[in-house]
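So the sequence lines, in the order shown, correspond to chains A and B. The first sequence begins at 1 in the working numbering and counts up by one. The second sequence begins at 1 in the working numbering and counts up by one.
A hint or two may mislead.
Unchecked claim - Pairs of lysine to any residue, SDA-like flavour, derived with a Cα cap of 20 angstroms:
| hint | chain 1 | residue 1 | chain 2 | residue 2 |
| --- | --- | --- | --- | --- |
| 1 | B | K120 | A | S422 |
| 2 | B | K103 | B | Q122 |
| 3 | B | K120 | A | R155 |
| 4 | B | K103 | A | E452 |
| 5 | A | K450 | B | A100 |
| 6 | B | K48 | A | R97 |
| 7 | A | K407 | B | L40 |
| 8 | A | K450 | B | Q122 |
| 9 | A | K67 | A | R155 |
| 10 | B | K120 | A | R418 |
| 11 | A | K279 | A | R235 |
| 12 | B | K120 | A | L366 |
| 13 | B | K48 | A | F257 |
Hints were generated in silico from the structure; no laboratory data involved. Note that the coordinates shown come from a computational prediction; the quantities given were computed from them, not determined experimentally.
Here's the letter readout for the chains.
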Amino acid sequence: MAEQTRSGIALKPYYTREDVTCPEIPETPGAYPYTRGRLRPPQAAPGWIHRDLSGEGDARRSNEQIKYLIGLGQMGVDVIGDSPTQSMIDPDHPLVRHSVGTQGVSLCHKQDYLDLLQDIPLERTPVSSSVPAVFALTGLLAVVEDRGFDLNKVRGSVLQAPLYAEDCGYSSGMPFPLLNRLAADTIEFAVKKLPRFHAYIEDTYFFSESGLNGVEEMALGFVEIRHLTRELMRRGVPVDSFAPRIAILVNCGMDFFEEIAKIRATRRYFARMMKEEFKARDPRSWSTVITSHTSGLTLTAQQSANNIVRGSIQGMALALAGAQAIEISAFDEAYRTPSEEAHQVALRTQQVLQLEAGISKVDDPLGGSYYVEALTDEIEQRIVSMVAEIEARGDAVALAQDGFFRKLFADASQRHYRLVSSGERPVVGANCHRIPADQDTLLRDITEKKIEPWRGRIDEVAGYRKTRDRDAVGRSLRGLLQAARDKTVNVVPEVYGALLAGATAGEMAGAMRLAYDHPYDPWGELRPDF
Amino acid sequence: MQTAPIPRVVVGLFGIDQHEVGAIAVTSLLRDAGMEVIYLGRYNTPVKFARVASDEDAEVIGISCHSWEYLHFVPELMHRIASDALDVAVVLGGSVITPADAKSMRAAGVAAVFGPDATKDQMVDEIRGLAQAVRERRR
Chain A
1 MAEQTRSGIA
11 LKPYYTREDV
21 TCPEIPETPG
31 AYPYTRGRLR
41 PPQAAPGWIH
51 RDLSGEGDAR
61 RSNEQIKYLI
71 GLGQMGVDVI
81 GDSPTQSMID
91 PDHPLVRHSV
101 GTQGVSLCHK
111 QDYLDLLQDI
121 PLERTPVSSS
131 VPAVFALTGL
141 LAVVEDRGFD
151 LNKVRGSVLQ
161 APLYAEDCGY
171 SSGMPFPLLN
181 RLAADTIEFA
191 VKKLPRFHAY
201 IEDTYFFSES
211 GLNGVEEMAL
221 GFVEIRHLTR
231 ELMRRGVPVD
241 SFAPRIAILV
251 NCGMDFFEEI
261 AKIRATRRYF
271 ARMMKEEFKA
281 RDPRSWSTVI
291 TSHTSGLTLT
301 AQQSANNIVR
311 GSIQGMALAL
321 AGAQAIEISA
331 FDEAYRTPSE
341 EAHQVALRTQ
351 QVLQLEAGIS
361 KVDDPLGGSY
371 YVEALTDEIE
381 QRIVSMVAEI
391 EARGDAVALA
401 QDGFFRKLFA
411 DASQRHYRLV
421 SSGERPVVGA
431 NCHRIPADQD
441 TLLRDITEKK
451 IEPWRGRIDE
461 VAGYRKTRDR
471 DAVGRSLRGL
481 LQAARDKTVN
491 VVPEVYGALL
501 AGATAGEMAG
511 AMRLAYDHPY
521 DPWGELRPDF
Chain B
1 MQTAPIPRVV
11 VGLFGIDQHE
21 VGAIAVTSLL
31 RDAGMEVIYL
41 GRYNTPVKFA
51 RVASDEDAEV
61 IGISCHSWEY
71 LHFVPELMHR
81 IASDALDVAV
91 VLGGSVITPA
101 DAKSMRAAGV
111 AAVFGPDATK
121 DQMVDEIRGL
131 AQAVRERRR
């Protein structure tokens with residue numbers, strides 16, 4: 001049987017110029033359609049932004065962690081909330097008492113954001129965040145205004161995943177129309193107020209971790225980009241005002257060449273789509289930024305040290321593909337939120353790739369390879385067909401509501417499970433080349449270390465509620481409810497006002513759910529208090 | 001010929017552990033093996049697991065663990081099962097369960113822990129065996 005890629009593309013034993021659509025490869029990096037990469041800013045150092053995901057405990061603890069990572073040479077901040085924060089649930093909610101601060105940082109009120117970024121130099125540190133965008137953005141705004149920092153200089157990003165978050169691990173109990181509106185509202189707001197901020201990172205990482213292949217990952221990503229682009233244009237936001245601020249956070253699994261080709265195809269399709277279909281005129285609208293995170297799904301609990309090797313290979317694929325920012329999953333990720341030791345190895349991997357292997361000295365070093373070019377062409381075509389196929393089924397929000405995407409994710413995870421458990425997809429240490437569990441001890445001590453729930457935080461937030469001006473909080477939440485009911489209003493200013501008045505993320509999310517006739521607390525424990 | 005009774009298994013996740021992939025996969029393999037699965041999905045408390053197991057007359061509660069919440073919820077569940085005088089076997093699965101934790105969970109009364117190495121057949125056989133043992137005890 002012929003070899004094939006993870007996406008099922010049949011491979012030949014070798015490739016020649018006959019396999020490439022455009023054999024002369026006239027394209028240069030930094031020129032339309034950007035297959036070979038974005039234009040490198042003339043003054044920028046070669047290479048990419050080295051980052052590592054951070055956040056644990058409360059904001060003060062995470063602030064120390066961020067400073068530690070910056071001390072190690074990290075060039076930006078990337079914060080993930082704990083599970084309650086990601087789900088817009090406050091830490092004193094009864095359902096979350098054992099998960100506060102263990103998988104990320106607990107953030108729910110204004111002071112948290114001030115503490116999180118205390119002493120972090122905003123002028124040279126982009127602040128990226130996986131926290132729900134409307135709260136990440138307004139929280140950052142609170143810090144910026146508190147310091148009197150120039151809004152025009154704020155850099156960083158937030159993720160948007162309104163069609164898929166609910167089905168893939170970041171459920172917030174919000175209806176799809178509200179999630180999609182919040183995405184468009186935050187992007188529109190940022191375009192007008194924070195011109196250097198990337199308010200739209202299309203996050204294809206987290207949902208592809210369900211087991212999607214590279215073509216499916218990017219097709220769903222483009223369905224979402226196209227949906228939000230149309231919505232913003234419908235609102236009268238010019239495409240050239242927001243398209244340059246779109247970046248895509250992609251996954252990177254173990255199929256080395258397919259991952260490289262996927263990123264090249266993604267840049268090209270994005271460029272063609274923005275230019276030809278959405279009629280963007282500014283060349284910056286055509287070239288999307290690719291950021292990336294290596295796949296946690298490819299890591300194994302067995303023989304954890306092998307994960308360091310996987311991270312190096314994936315990091316190398318991303319560097320060769322010209323990713324602008326790279327995060328390598330930590331080797332202990334199968335077991336736990338990354339330890340400090342694993343964080344350090346992940347960052348060192350990137351530094352070795354760049355400083356010792358010198359991979360980023362030349363742009364797109366694989367450009368012109370018959371194989372890589374042919375694979376890029378094929379993947380782009382497959383992405384385009386899958387997007388067309390999905391869009392022919394109707395409105396994306398309606399598809400999400402009908403569970404169409406949920407089924408795709410469930411099928412993908414079944415497929416992944418079947419391929420790995422049958423041994424059809426070899427995973428070293430897990431389904432082949434195994435060792436007995438009692439001999440699998442290398443780095444095991446690190447995986448056994450735990451982060452205890454940050455229980456003090458529960459009382460801290462309960463205490464915070466008592467110190468607030470109750471009337472002001474109530475007024476701001478009623479204002480938010482009102483604004484959210486009016487579908488023509490942008491809710492971001494109301495969310496920001498409520499945050500400043502002392503409202504928590506859980507309360508604000510509840511108010512917005514009510515505006516869409518959904519329960520204030522989908523988990524059935526709390527009632528609105530305003 | 002008398003057919004063997006169908007094992008009844010409650011499957012779900014604790015708290016706000018949202019990594020549902022494993023639970024869905026296990027549910028389908030148990031169903032393929034002819035078992036009845038009452039699938040609770042995400043957002044469950046010990047009280048809910050115990051209540052549903054009782055209402056549904058299930059022999060086994062299977063919990064998929066992909067966050068550390070289980071370390072705290074499982075002892076609460078075992079306590080609840082004891083105080084309600086339920087006869088039900090609790091099994092856990094998930095890659096976050098380290099060897100040391102698996103040991104402490106068994107010591108707390110968990111009947112089986114399926115780590116990343118567990119095969120489909122192991123899980124099916126063990127759960128079927130546990131269900132049968134519970135049924136015999138109840139008889």
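Verification of the hints:
1. B/K120 / A/S422: holds, 10 angstroms
2. B/K103 / B/Q122: Within the cut-off at roughly 18 angstroms; holds.
3. B/K120 / A/R155: Answer violated: B/K120 to A/R155 is near 48 angstroms, above 20 angstroms.
4. B/K103 / A/E452: holds, 19 angstroms
5. A/K450 / B/A100: holds, 12 angstroms
6. B/K48 / A/R97: Since the Cα atoms of B/K48 and A/R97 sit roughly 16 angstroms apart, the hinted pair holds (cutoff 20 angstroms).
7. A/K407 / B/L40: holds, 17 angstroms
8. A/K450 / B/Q122: violated, 28 angstroms
9. A/K67 / A/R155: Distance of about 18 angstroms is within 20 angstroms: holds.
10. B/K120 / A/R418: Distance ~10 angstroms between B/K120 and A/R418 Cα, so the pair holds.
11. A/K279 / A/R235: holds, 16 angstroms
12. B/K120 / A/L366: violated, 41 angstroms
13. B/K48 / A/F257: Violated - the C-alpha atoms of A/F257 and B/K48 are around 47 angstroms apart, more than 20 angstroms.
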